[in-house]
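Novice: Keeping their order, the protein sequence lines are chains A and B.
Everything in the first sequence is counted per my numbering, starting at 372 for the first residue and increasing by one.
Everything in the second sequence is counted per my numbering, starting at 372 for the first residue and increasing by one.
Certain hints may be false.
Copies of the same chain are indistinguishable here, so a pair counts whether it falls within one copy or spans any two.
Claimed, not checked - Capping the alpha-carbon separation at 20 angstroms, the derived lysine to aspartate or glutamate pairs in DMTMM-like fashion look like this:
no.	residue 1	residue 2
1	K593	E451
2	K672	E658
3	K586	D600
4	K593	E473
Hints were generated in silico from the structure; no laboratory data involved.
The residues making up each chain are set out below.
Protein chains: 2
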Amino acid sequence: MTLSLEPCLLLGPGPSPISQKVLDAISQPTLGHLDYQFSTMMAEIIKLQQYIFQTKTAVSFPISGPGSAGMECCLFNMIEPGEKMIVCVNGVFGARMREISERVGARVVLLEQPFGEAVDLEELQKLLETHPDTRCIAAVHAETSTGVLSDIEAIARLAKKYGCYTIIDAVTSIGGVPFYMDDWGVDAVYTGSQKCLSVPPGLSPVAFSRRAIEKIKSRRQKVLSWFYDVNEVLRYWSNSHATSKRTYHHTAPVNALYGLYQGLLNLSEEGLECAWQRHLGCHLFLEEKLTELNLELIVPKAIRLPQINVVKVPEHINAQAVRERLRQDFSIEVGDGLGEYAGKVWRIGLMGEGARIEHARQLIEALTIIFKEGEFYVS
Amino acid sequence: MTLSLEPCLLLGPGPSPISQKVLDAISQPTLGHLDYQFSTMMAEIIKLQQYIFQTKTAVSFPISGPGSAGMECCLFNMIEPGEKMIVCVNGVFGARMREISERVGARVVLLEQPFGEAVDLEELQKLLETHPDTRCIAAVHAETSTGVLSDIEAIARLAKKYGCYTIIDAVTSIGGVPFYMDDWGVDAVYTGSQKCLSVPPGLSPVAFSRRAIEKIKSRRQKVLSWFYDVNEVLRYWSNSHATSKRTYHHTAPVNALYGLYQGLLNLSEEGLECAWQRHLGCHLFLEEKLTELNLELIVPKAIRLPQINVVKVPEHINAQAVRERLRQDFSIEVGDGLGEYAGKVWRIGLMGEGARIEHARQLIEALTIIFKEGEFYVS
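One chain only, chain A, in its complex shape (with noise of 0.2 angstroms):
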């Protein structure tokens, strides 16, 4: 018996879809995780990270676990127990940074937005103000919960003035509006390979500031996690080493990583910029389509998501209906939302190789199908 499985035009806040090239790199026989061939594609794969961060200088690499584990490795090795932090929370992403921060020990100081709202900067420096032995502030460039963006350059000034790390989760930003670690002053950031890199869920790049990598090699005590802690995963996945000397660490996950080189490599050869541009023109198309259908997005302008498009579901329409008759009539998957936005609204995510204006064309004849029957309404 073998798999096989019927396609589905991803359109929700992740997985988005997988070009065949991707699929094809995938598919590449498996080699050694120390084999020279294979020891080549990563060096190019740090090349190819620090261009998607925008760094020339921070250490960069994938973690072999999805976002999740790029958040913990993140917090595991800047934190040491007894810390205190500002964790910015507007969303479930900014919810789970504080979640893991605790675990590890720190002192979490919390600043809270009301879900749907950007970082607030002025309470920031209010609570740095009062915190004076805060030593990192942790928040999230693209809250996927909500479609916000937030102020990360604003934050990262914040944080050098009152001398805090930065730590930063830009998981579903990396690749769809701009991001610039060394002209910020990031000091550690980890990304999703299922996003805007459209890549396979299940790798988490990341990359620690010069700074950053000091403070971690200075720490009092070991990071928690042998599997997460820097230190040790550098003897094999750092740029300085001669692609003969990587030792073994863990065995990296060879197939999917050829995955992220291809999906790295295609986004490279398009541009960054360009990449911004076209989410962001694939954006537009799809608002104004959406208005022509009644549909508003809950995000204000100006700190509107342009690849993750958060749509009200008015009160006369079921929500989840038309989400199961989009999946199973059309083949296309849109989101639900997440914690308090659960059933209220649809994430229309249009990431990565789903930032085309062909993919958000045939959601909206789908919607325009899904309304004319009007049988989703609500009594």
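With chain A's structure known, arrange chain B on it following the hints.
Specialist: Below, chain B alone, put in the same frame as chain A:
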């Protein structure tokens, strides 16, 4: 530009050769991680994992990371800070269990054997007598670094007698040699996708007995890692959920799991007993042929693993040069030694799809040619 790699026969310590069926599976179209087709496959994976671990009652699912992440998941969940545990160290992977256990705050009592020996049951019993407050015993079933099999059935029996839980590393054993979770009474076990399951690296099937789950559910302190926390992961992976009820934890590595599904299916279609016999038969063939080449296996017969053959490199031969020649001119990978064995042995894996007579023969023919030339003799 697209990725294109030369294949290589993987006869090292893992990854093992991957069948075309599995490669075809991982390049199937990516689906959403909450999609009904995917959810149906997840339910199948759970059942197939119960089969490979030989358990009817344990909770089983794959960790979205390599074997080392599975190791951390088991240790993070099973141990609470301050608890006493015995860690059996007879190679690199036992040492890793010790390292991780100490990081999460266990009071580790070490049962250390020289490299290349099996866990000493008498010594273990003595330690259990001396330390009646021991909560867990951690041991490696098949030490990939030394090629040694330890008697997990006996270890689990001792654990039961002294009221301890067992945490077993079965990364290299599952699919290659008999393992009976229920019959032996193992509490927590992890394996790796890339050994005798012949699935690309990056996933770690785990299983927890009912009493292990009770221990985890009644912890006084939260698991230090949110990503590894079985209480959290089970919201997504539990087989007690109707498929439609799975809720989001992290984004599962969709395509990698296609590969795991196909690999487990292949193994279940062959049947575990047949697979064990195939590994043994292949090993006996290799052993005979190695003897003809005047090469000897380092591990005594009684504790020798069929799937990982540790060959003592004669002093007059340059171990590294022969490995490179095999790789470059014969496209065959064999492994270097790890730890104390580095540079002194070859580790020849006949694992999963690698455990075929034709592969063993291919290696022997290559070695025969290389030795005839004599250029790798050390003066």
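Novice: If a hint holds in the structure, say so; if it does not, say that too.
Specialist: Comparing the hints with the structure gives:
In this assembly of identical chains, the alpha carbons of K593 and E451 lie at most 20 angstroms apart whether taken from the same copy (9 angstroms) or from different copies (17 angstroms). Proximity of K672 and E658 under a CA criterion of 20 angstroms is satisfied intra-copy only: 11 angstroms inside one chain copy versus 70 angstroms between copies. In this homomeric assembly, K586 and D600 come within 20 angstroms of each other (Cα to Cα) only inside a single copy, at 13 angstroms, whereas the closest approach across copies is 27 angstroms. Taking identical chains as interchangeable, the C-alpha atoms of K593 and E473 lie at most 20 angstroms apart whether they share a chain (17 angstroms) or sit on different chains (10 angstroms).
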